[in-house]
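Given the coordinates of chain B, assemble chain A onto it according to the supplied hints.
So the protein sequences, as listed, match chains B and A.
Under our numbering, read the first sequence as residues 6 to 486, first letter to last.
Under our numbering, read the second sequence as residues 154 to 455, first letter to last.
Source of the hints: derived by calculation from the structure; they are not laboratory data.
Just so you know, not all the hints are guaranteed correct.
Below, a sample of chain A positions facing chain B; criterion: calculated Cβ distance under 8 Å [what the hints assert, rightly or not]:
| no. | residue |
| --- | --- |
| 1 | Glu181 |
| 2 | Asp212 |
| 3 | Tyr213 |
| 4 | Phe217 |
| 5 | Leu262 |
| 6 | Glu263 |
| 7 | Leu266 |
| 8 | Pro269 |
Where a beta carbon is used, it is the ideal one built from N, C-alpha and C, also for glycine.
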Amino acid sequence: MTTEAGTARAVALGLPRGADECIEADGAVRPPYAELLATLEQAAAGLPRIRRDAQQWFADKGVTFGVPTEGVAPIFPFDPVPRVLSAGEWRSLSKALSQRAMALDLFVSDCYGAQRAIRNGVVPGRLVYSSTGYLRDIVGIRPPRATWCHVSGIDVVRVAGTFHVLEDNVRIPSGIAYALESRRAMESLAPDWFELAPVRPIHGYTGRLRRILQRIAPRQWDADIVVLTPGSYNAAYYEHRLLADEMNATLVEGHELIVVEDEVYRRDAEGAAQRVDVIYSRVNSEWLDPLVFRRDSMLGAPGLIEAWRRGNVAIANAPGTGVADDKVIYPYVPAMIRYYLGEEPLIDNVATYDLTDERQQAHVVANIDSMVLKPVDASGGYGIHFGRLMGSQERTEFLEEVKASPRQWLAQEEVALSRAVCLRAGGGFEPRAVDLRPFVLLDERPWIVPGGLTRVAGDPDELVVNSSQGGGSKDTWVLTR
Amino acid sequence: MGTDTLTYSVSHRTVLRYSTTVTLSYNEVRMRARDRGSQRTLAFALVSTPWAVPRSRVDYYGNFVHRLDVTSPHELLEFTVDAVVENSEPRRRRLTEWEQDALASDPRLEFILPSPRVPLAANTRALWHEWNGDDRSFDSVLATAQRIPQELRYVSGATTVESSIDDLLEGGAGVCQDFTHLFLAMLRGAGWPARYVSGYLGPVDEEKVVEGQSHAWVEVCGADGRWLGLDPTLGQHVGAHHLRLAVGRDYGDVAPHHGLFFGAASGAPPEVTVRIARMSNQQVDRVEHHAGVHWQQQQQQQ
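Chain B extracted, bound-state conformation (with noise of 0.2 Å):
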């Protein structure tokens, strides 16, 4: 397709301008776009109606993503428009997200055991030692195959052209369930678009996953799998559900599970005890074994660790990763890439300041209206400050604030997102901002589904995107070429 008859293609279909992940500046439209394109001018009267069709099939199968209000969790909100990314662009892509995630996984390891990164003053000890990440009870442990990170979701941006990571998410990354389902519902609505386009399939990730968690298994000729999720109420059961059932493991609740002499045991439907071989958890580390961490925790099992420990049991994602998702240690990836692998890194961080460094934070405060600050304790987009949005007096205050605890904060140079195109509620188009979550399995070397979790802000002048903040997602198709 030439240029111009993409453009001719881009201005017929009504498409905006700014939806910078479709079309140039100069209006052409980007080649791994044409094949959807041509798709769209036979389909665009019938977009509203996918839509439609969409949110009914995710209500039908139960696909919701947050906590039930009045008895009903809501549907993820659903944009009917792929966003796509050319075979090229996913090639180095997912090579940059390969090397990231061995290197956050080798970070894990060293900061539990010989903390070789903060002895050479790759990473700042005091980060690492007032991370609520860090455990102190597990440093020593040295898990199955000597890996922590076996999932890992990472953030990226498409900022002026270029992938960014945002942030790194290594403890219980989600959102795998949503990309799945939102291929499921195109594959199920829109068959006939996939005759044209040549998308690589996703569907082999939970397959993958299993794969692994067998690996790790103490008894992997015949692992008893459990996912362990916090309960119903968690904005990301739907997840935990499927992931259970398409891996063929038990979904279960930390009271479910029982330790004795260091083995772990859940009790299956005739009430008979099985010993549980591999827990995939989506409890954060923190919660789960009062014994040993959080006291007052419910969602765990006392005596785990203990099991974890003896190697009886194996944990994915192994617990006490999230000192490498800790937001203040996010700076440090790049050094951790040159030292651990001897590489350049492959994909940068978007600008990114430590305010307990007294030189950056001086830099943040006299730069302030193109900073974001991000609370460090905090995910789903909440208690995000744009410093160009908020008032002198507010400034003034929220700065003393930040001085006061620079731990408790990360600065990033604001940064405009790439735009995808929407479908606009009233019909027609609109670019809305979007970033995406892949997700990478570590094995013996990284896998990387194809794609991933593209979310899209809730509305054109949003400028978070997280599906807490009422933001949504879109099929996201990777092509062979």
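Showing chain A alone in chain B's frame:
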């Protein structure tokens, strides 16, 4: 052994009573000291009713931790540690201050950072400044250790195990745990790595027996990486009668016991009895003799 070696027999009994039957309880006990420096454990036994096999591990700070799991229904759990411990007075050394850069990449950095029970707040920094001005030298460290018991009153029951440094400063009175937390906060604020020590305070006189609670004090680390014990309750260096049990960032890391149980019962606060006797040389000889016999029997069995 030198003449200044003191030997103690320690009996530390803990009774946990539940209002109704408990089906399962897990307990972690930090009551055995590592042999370090001048202190050595000659004999140790941990026995519980109902009976449970204690299993031990070493925690992050190098302390022994014993796990006692009671898997039969019980309304009461009692466990007693009997130990024979010898100690002599640690050598009094002068410590030198850390270079900032050296400390930044040293694991002991951890001990100048705030910890759950030792927040580094403005009030403790101000107190250091009020007492010592800008001087952060070792002389100020010693002066602070001496001044804490002069400025604050030791009153049993004035505070609880959960009390904070602010509670101590507001009330003006507390016990060794509070004095230790305060001293830790002041030291860390002044850039000295410092850790919490839990232990006992034994009698100095031979064959004398004391009954009482556990004791706590501080170890401060100099630039050579070695720790020196200072007691902010007595306002002096630690002596041969300071028997160390466990070290950590604060009380939360070294609590001698914590447990969990299953059942509808409510647990009363544990009843704790600590009895420490300074043994005569004759008594010590008997212990060492028995230890030797025991060893021979084991040898024969193999």
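We went through each hint and held it up to the structure:
Here the hint on Glu181 of chain A is kept, as its CB sits about 7 Å from the closest CB of chain B, short of 8 Å. Given hint, Asp212 of chain A at the interface with chain B, holds; its Cβ is 7 Å from that chain's nearest Cβ, closer than 8 Å. At a threshold of 8 Å, the smallest CB-CB gap from Tyr213 of chain A to chain B is about 4 Å, leaving the interface hint in force. Hint status for Phe217 of chain A relative to chain B: violated, with the closest Cβ pair at about 14 Å, above 8 Å.
Proximity of Leu262 of chain A to chain B holds as hinted, the smallest CB-CB distance being about 5 Å (cut-off 8 Å). Interface restraint check for Glu263 of chain A: the shortest CB-CB distance to chain B comes to about 4 Å, inside 8 Å, so the restraint holds. Hint status for Leu266 of chain A relative to chain B: holds, with the closest Cβ pair at about 5 Å, below 8 Å. At a threshold of 8 Å, the smallest CB-CB gap from Pro269 of chain A to chain B is about 10 Å, leaving the interface hint violated.
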